[in-house]
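Chain by chain, the residues run as shown.
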Amino acid sequence: DTEVTQTPKHLVMGMTNKKSLKCEQHMGHRAMYWYKQKAKKPPELMFVYSYEKLSINESVPSRFSPECPNSSLLNLHLHALQPEDSALYLCASSHGSREQFFGPGTRLTVL
Amino acid sequence: DQQVKQNSPSLSVQEGRISILNCDYTNSMFDYFLWYKKYPAEGPTFLISISSIKDKNEDGRFTVFLNKSAKHLSLHIVPSQPGDSAVYFCAAVNQGGKLIFGQGTELSVKP
Chain A
6 DTEVTQTPKH LVMGMTNKKS LKCEQHMGHR AMYWYKQKAK KPPELMFVYS YEKLSINESV
66 PSRFSPECPN SSLLNLHLHA LQPEDSALYL CASSHGSREQ FFGPGTRLTV L
Chain B
-11 DQQVKQNSPS LSVQEGRISI LNCDYTNSMF DYFLWYKKYP AEGPTFLISI SSIKDKNEDG
49 RFTVFLNKSA KHLSLHIVPS QPGDSAVYFC AAVNQGGKLI FGQGTELSVK P
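So the protein sequences, as listed, match chains A and B.
Residue numbering for the first sequence follows this note's numbering, beginning at 6 and increasing consecutively.
Residue numbering for the second sequence follows this note's numbering, beginning at -11 and increasing consecutively.
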């Protein structure tokens, strides 16, 4: 298995909702990442987990809350989001600190 | 401070011809570089990488060239195919293991 999977593919939520994004990889990678991407812009790093511990938080607002239940899974819990948070949310994983492999993303729309 | 720059936002090439995508960087401490390809509403796909100890890496139709003295790298695609039409991101790995992305170049390969 050489891919990163993400669910759901699309998500529409209101500003008072609580939802979660899920990411899974079975490549044995020890680093996992959350990125946010707006149309035709480069991905912006949000969080990095290394060996299941949060190692980087790029000053992301607390309405985004990451969780790494085990070495294969990464979640992003969403609460009280704003319309400007609408974007493609990407998960990635890597074996070391070189190539990162991205999932297909979750297209999030906040109404 | 943009450490990785892709100065051409778009490039149009005829099918069968060579596509050359360029990338410049400012930090001489970068020692690993990657190219990603991205279709709309999908995650970036890793294409090819190069270490700073090399000046060329080739994989099928894709070749990456690195000129360390000029702090410049380029991706050559030959022959170009319509399916290569996408946004291409150049990225450097910084000393903390983070990917520093360029702004992307949108390649259009016309039949």
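Treat the hints as calculated values from the structure; they're not laboratory data.
Just so it is clear, CB atoms sit at the ideal spot from N, CA and C, and this is done for glycine as well.
There may be inaccurate statements among the hints.
[Said to hold, decoys possible] Derived CB-CB ranges, DEER-like:
#1 B:A29 to A:E89: 36 to 42 Å
#2 A:I61 to B:I41: 24 to 30 Å
#3 B:E46 to A:G101: 20 to 26 Å
Each hint tested on the structure:
no.: 1; hint: B:A29 to A:E89: 36 to 42 Å; in the structure: violated, 19 Å
no.: 2; hint: A:I61 to B:I41: 24 to 30 Å; in the structure: holds, 27 Å
no.: 3; hint: B:E46 to A:G101: 20 to 26 Å; in the structure: holds, 22 Å
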